[in-house]
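Q: Below are the chains, spelled out letter by letter.
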Amino acid sequence: MTNQKETNEEHYRRALADAMSELTRRDQTISMLNAKINELHAVSAAEDSTTRLLKKLYNKIDNKIMNNINSHGLREKTSTKIHPKIDVSEKLSLKEKSLIARDYDIEEFFTYRSKKQPHALKLHYRVVAKVYRSLRDGTVTVIKRTNDRVRG
Amino acid sequence: MIGCGVRNIMSKRILVVDGQVLQTNARDRGMGRFSSRLILSIIDENVYDHVEILLTKRTCTNPISKESLKSMFGDVDVTYLDLATTLHANIEKAKDHNTSVINGYINEHYSEMQGVDFLIPSPFQEPVVSVYPKTVKKIVVFYDLIPFLNHTRYQPVMPFEDYLKRFYLLFEADVILTISKSVKDDLMTYLGLPDDRLKVIDGGPITADTHPTKPNIDVPEHFVLMPTSDDPRKNNLMAVIAFESFRKSHAKPCYLVVTSKIHKNERTRLEMVSSHLVFTGNISDDELDWLYEQAASILFVPESEGLGLPILEGVTASKPIVCSSIPVFREISESGLYYTDHRDPMMIAAQLEAAVTETEIDQKEYSRILEHYSWRATGKRAVASIRDAKVSKIDIHPRIAIFTPRPDGLSAVGKVVAEGHATLAKYFDVDYYVEEGVGDVSTRPNFLKYIANCYPETTFSVEKYQQYKSVVYHIGNSDYHIFSIANALYLPGIVILHDTNIGEAFRIMEEQDMISQQRCQLEKAITDEQHADTSSHLYSLAQRQLGFLTHSRYAKEAVVTLAKDLNDRYISEASLPTHVGQMDEPREYAELTIGLAGIIADIKGLGVIKTIASNPSFRNTKIHLFGYNYASEETLGTLTAFDNVELTTNLTDFDFQASLRDLDIFVNYRMKYQGETSLSTLEAMRQGVVVIVRNIGWYSQLPDECVIKVENQDEVIEVLEKLRVDKDKLKMISKNAKDYVRNSHTHEKYAQGLLDLINISSAGTTSNNVIANALRSDLVHNVEDMKKLILDAEVTK
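The listed protein sequences derive, respectively, from chains F and R.
Per the working numbering, residue 8 is the first one in the first sequence, and the count goes up by one each step.
Per the working numbering, residue 45 is the first one in the second sequence, and the count goes up by one each step.
I should point out that these hints are in silico values taken from the structure, not numbers from a laboratory.
Source: prediction; values computed, not measured.
Cβ coordinates follow ideal geometry from the N, Cα and C atoms, glycine included.
Since no wrong hints were added, every one of them can be taken at face value.
Just so you have them, the derived chain R footprint on chain F, three or more residues with Cβ under 8 Å:
no., region
1, 28-41
2, 89-96
3, 101-109
4, 112-118
Keeping only pairs whose Cα atoms sit at most 25 Å apart, straight-line, the calculated BS3-like set for lysine-lysine is:
no., chain 1, residue 1, chain 2, residue 2
5, F, LYS67, F, LYS137
6, F, LYS102, R, LYS600
7, R, LYS508, F, LYS123
8, R, LYS568, R, LYS831
9, R, LYS101, R, LYS137
10, F, LYS122, R, LYS508
11, R, LYS793, R, LYS470
12, F, LYS137, R, LYS137
13, F, LYS98, R, LYS608
14, R, LYS308, F, LYS62
15, R, LYS209, R, LYS137
16, R, LYS292, F, LYS43
17, R, LYS832, F, LYS122
18, F, LYS122, R, LYS513
19, R, LYS101, R, LYS209
20, R, LYS793, R, LYS513
21, F, LYS63, R, LYS308
22, R, LYS305, F, LYS43
23, R, LYS832, F, LYS102
24, R, LYS608, F, LYS102
25, R, LYS753, R, LYS654
26, R, LYS568, F, LYS88
27, R, LYS831, F, LYS98
28, F, LYS102, R, LYS831
29, R, LYS831, F, LYS88
30, R, LYS493, F, LYS123
31, R, LYS181, R, LYS470
32, R, LYS258, R, LYS305
33, R, LYS424, R, LYS181
34, R, LYS666, R, LYS766
35, R, LYS568, F, LYS92
36, F, LYS98, R, LYS568
37, F, LYS88, F, LYS123
38, R, LYS363, R, LYS305
39, F, LYS122, R, LYS493
40, F, LYS122, R, LYS831
Just chain F, same shape as in the assembly (with noise of 0.2 Å):
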């Protein structure tokens, strides 16, 4: 009985003990996986082309430029909307409440035709983006259509 207790207790230690090499094995495999991912990615952020590089740098110029336009252009807010006045007394009925909100509502919302939103940039700035825009745009569609060219 006891030997067969011993043989027991001895069969779950070596497999305990399998489990547990088992475990830093993968332990091991996952940690060096993990490095070599890190690795990876540092070669990977490394790794921007001449290509990229000009790209990011006509976006950065791109962007200083025409938020300075679209900051210094823009139109001033000229004034606050003034709300239609409700004077509700406590005594008034449900009904006349709720005309009085009828009524506001039609003064607050009541549009016949839509009118066209005024724009954002005032009109020298508005003149300015736009031909800063076409210049942008037309040279690269020229270099685009050069560029296919020369490729053939």
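We have chain F already, so just place chain R on it with the hints.
A: Just chain R, lined up with the frame of chain F:
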């Protein structure tokens, strides 16, 4: 119109194919090769007496001669037309130009009576801009929705807006031939395309007509073949890591042969992991066949696929195949392949070892696969699907306007509206007025703006109101509904009510300076005065509509309480619609995954999750929280401190649905109920997830055999403990839930419900009908007219 050059082929079947994909670089890749084989297999069925292939006469990326086409397809007519591509013009201009050219050509050469079948085999191929002519049966082949579903990854690397702009080819098609059930499910689930227009044709292996030839590279003796490409979804890095792990423990020296042209950066990256890689570059079909024949095993572990041709080609070569355990591959075979989790390199390596060592292949299963996935069978399925498809008639539908949250915003209502458009368009001619919301958050690609008329919400007016038979307002309790509320307050229409408490929307209107604080307070006061404890800020809206569509009895009763003048007939109830896919994956419930999804907020049951996570009985149960996070840092900190809790936020729709599918039980216990319906509950039910809900409002109305209802938080734990050991009950509820959503929550029923309500309510005689009719007769031009009109309407009443 029959032109002077009509061909003498009356009473015969005619197939016209837009073959421009064969003039692009894709000709020798997956889609091009698939297109060629499909066209050939349709021709081989001999049901068409005349086949014509249309090409562009303009420059394209990879020209093809008439002779080459004739040698590929035999006796076909090849015609070059002046078709523009995105190389020549922007997609809109190219589309207009091509429509006119194609219509001109078809009208001139075929009569309407002849019934032309017009096939577009590859609708999304750049730079081609395909269009359908009028008066033909419109057929399109669809491969996958992967760029749309993984938009964050694909948006920066492809002309994404042009991709979305081509969606009209799907929405205008009479029949869409999909290459797998999974792709069909995706089209139904994410685009809302109706089942009856989608037909699965599958596909077959693409092998060379000639004998396999050894490629002109050094091929090692013992190798695993990985057919792949540069696409990030191909999961190359994980596959190579797994291969390296396998190789080190494998008895024989082994190499991984990687096919296709792989970019040098990617090659360097992969070579850092393993020095046992062989890159073949682009090789011909016969060389690829040779590699399949010589390989010890095939390794194909992408994240997603439309069909999986490498699997079919591996089966043809009788090789063991290790592949991802994704629905589209399980569709091919449940038992014949070595499935693995594509995210787990250890598991991939273990399956690779098993595949290479266990040489026995289930030949019976392989034969079954090849019988189904053959080009002959595909051709037959395609021909039958085309034959059964009905040509859509150009009907005149009632013109309606719908106010909706932007489909790509945070509101689930916008998503439901976009998904419902395909069905709604069968009943109505719809213009959408889109609410942008306050924050500029985009969560998914917006395809609605490219397939329907969409206008900014600010452009709506009385003049616009006159143009529509009805105006439908989606009303909910967020910043995506404020213009809908503003318009609904003076222009009577149909309100689709998503929340009975719209206090938050009113607060935002005040914050945005749309209304005054006084008006906001007045709305609360008059609603409260009605003792309406099931709603808030709803009184004025309820008073001023022609009709209401609600999603529950709870919401209907709330409206009835407030709108006493509105007859019951004008307040109808319809089930929030959603599509149910056809794929039916078996659930085993070996280890349970419990989850909470959607908007993660303190009111939505986080307290319950905390209790479950800390309960010792559920220590080994995985608890997954995912969705948009609105919970406090503190709450999240407490939750993530538990080892068994996993939190994922800001997922794409695709990841959200995939995470939902992985759940066994979904706990949706609302601490505070505000008259809403829960889309995530329905989306869980449609995937067979068992949902535990609080027995309140809309949730109470769900059938008892489809969800589990509880009265309080403590009951959630009790129910979970019982469910943990009752797999039969889980299986039963799962099946019932799916069947219930499939039968009751359809877009078709919803659209019909809306049509009925519009018809009934527009014939009503309420004072709101008087106002609506006067507005439509152009009697109102300013505020004074409007006030007078209301006064007259009251008097008439």
